[in-house]
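As they're listed, the protein sequences go chains A and B. Numbering of the first sequence is given in this note's numbering, commencing with residue 1 and proceeding in unit increments. Numbering of the second sequence is given in this note's numbering, commencing with residue 223 and proceeding in unit increments.
Honestly, the hints are just simulated from the structure, not real lab data. Bear in mind that the values here come from a model prediction, so they are computed numbers and not experimental data. C-beta atoms are modelled at their ideal positions from N, C-alpha and C, and glycine is treated no differently. Certain hints may be false.
As the list claims (entries may be wrong) - Okay, the calculated bits of chain B under chain A, using three or more residues with CB under 8 Å as the criterion:
1) 270–276
2) 285–299
3) 363–373
Said to hold, decoys possible - Chain A residues, not near chain B, derived (Cβ > 10 Å throughout):
4) L55
5) D56
6) F63
7) E71
8) V73
9) N103
10) D106
11) M111
12) D116
13) Q127
14) P131
15) A140
16) R164
17) S208
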Amino acid sequence: MPFLVPNFSSQRIHNLPVALELMKNQSKLFPRRLRLITIIGFLFITTISCGNETLDDFSDRSFELTNQNGEEVTFPDDFEGAPLVMGFIYTNCPDICSFITANVHDVYQQMENSGDVQFALVTFDPQRDSPEVLKKYAQAFEMDHEPFQFLTADSSTIASFMDRVSVRTQESYSEESEDGERMYFLNHSDKILLINENSELIFDYGGSMTPVNIIIEDLNKL
Amino acid sequence: MIYKITQLFIITFLLISFISCAGEEGEQTIDNTEAFELPADGIEIADAWARPGQVDGVSAIYMNILNGSSVADTLLSISSPVAGMVEVHETYEQEEGMMGMRPAEVVAAPARGALTLKPGGLHVMLMQLNRELREGDSVEFSVEFTNGAEITITAPVESMRR
Numbered sequence: 001m002p003f004l005v006p007n008f009s010s011q012r013i014h015n016l017p018v019a020l021e022l023m024k025n026q027s028k029l030f031p032r033r034l035r036l037i038t039i040i041g042f043l044f045i046t047t048i049s050c051g052n053e054t055l056d057d058f059s060d061r062s063f064e065l066t067n068q069n070g071e072e073v074t075f076p077d078d079f080e081g082a083p084l085v086m087g088f089i090y091t092n093c094p095d096i097c098s099f100i101t102a103n104v105h106d107v108y109q110q111m112e113n114s115g116d117v118q119f120a121l122v123t124f125d126p127q128r129d130s131p132e133v134l135k136k137y138a139q140a141f142e143m144d145h146e147p148f149q150f151l152t153a154d155s156s157t158i159a160s161f162m163d164r165v166s167v168r169t170q171e172s173y174s175e176e177s178e179d180g181e182r183m184y185f186l187n188h189s190d191k192i193l194l195i196n197e198n199s200e201l202i203f204d205y206g207g208s209m210t211p212v213n214i215i216i217e218d219l220n221k222l
Numbered sequence: 223m224i225y226k227i228t229q230l231f232i233i234t235f236l237l238i239s240f241i242s243c244a245g246e247e248g249e250q251t252i253d254n255t256e257a258f259e260l261p262a263d264g265i266e267i268a269d270a271w272a273r274p275g276q277v278d279g280v281s282a283i284y285m286n287i288l289n290g291s292s293v294a295d296t297l298l299s300i301s302s303p304v305a306g307m308v309e310v311h312e313t314y315e316q317e318e319g320m321m322g323m324r325p326a327e328v329v330a331a332p333a334r335g336a337l338t339l340k341p342g343g344l345h346v347m348l349m350q351l352n353r354e355l356r357e358g359d360s361v362e363f364s365v366e367f368t369n370g371a372e373i374t375i376t377a378p379v380e381s382m383r384r
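Please model the complete structure; the sequences and the hints are all you need to start from.
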């Protein structure tokens, strides 16, 4: 009969009673001392890893973006070394995206010590959101200053970037204004990401509805 | 004996850390309790505010429409001197956290009741702004109702109502 060992390595087991029961059922194969060491090991690993489990690592690719001042910014390379709060918007969205923008602003404003934390809002509507449009948008929200960056790129780069950060968009409907201008609106993911200094995704929040203090608490743990 | 006490101490310490760690998935409560003082009769607009927006861009107005009359009333038209186009839109959630926006079909305030236009729901959409709206500015807008009421009001611009 093969020696059965519960597999703790493939993924974190959050249900301690289940793990204990599994070991109890295998008591003949699991000497008491070994069981004790396993419990201590399990609790130790779970405890030290519970703070900042990473969800993704963005360092596998680079994206050339442009900020509201027309300056080239490379993600994630230029953001490495300090935490990054990143939201996703388009400027023709006055409701949800305004909320995301204001939340990013409020995280910065309400942090007692924002230190070197970086803040970025990336548009998923590069066709309309040029650096100039993003600059006007940033000015309206009193965010056209450091540490805020409003980022865009060519349509192809933005499509690849949004795919990499799992932000989905699709045109919902369009209408024509009196002067013949076509106005379109987008369905989109509602997200703010918290990325650590190593370009690893730490948290993925609902962008418009997440209380700012929760993001600040998570930032303070980094 | 000392070995066993040490073992017990380590397990207790780690167990407490584990439990406190597991409880870190914060609870969020949003207080949606809203009480409105309805007018004795007719219709009123209260608590109006608008979002910042850039020239040629968009903004949103939120408000409470308070209907004190014994019959329901419907919003007929809305206009603002700061916008080329004004419509009432509603934000809605699709599957997997996708958010969308669409024009609202009928905007009605119930008899002796209130209709709330708020972030993440119904809102007045100002499009083709002819001037920038920043926090501290104000926006004038006019609303016409089916029952004949016409209300013009000024809303402050705020990045977030707190």
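Outcome of the hint check:
no., hint, in the structure
1, 270–276, "holds (count 4)"
2, 285–299, "violated (count 0)"
3, 363–373, "violated (count 0)"
4, L55, "14 Å, holds"
5, D56, "16 Å, holds"
6, F63, "22 Å, holds"
7, E71, "20 Å, holds"
8, V73, "21 Å, holds"
9, N103, "8 Å, violated"
10, D106, "7 Å, violated"
11, M111, "16 Å, holds"
12, D116, "24 Å, holds"
13, Q127, "14 Å, holds"
14, P131, "13 Å, holds"
15, A140, "4 Å, violated"
16, R164, "17 Å, holds"
17, S208, "6 Å, violated"
Hints 2, 3, 9, 10, 15, 17 from the list above are not met by this structure, while the remaining hints are.
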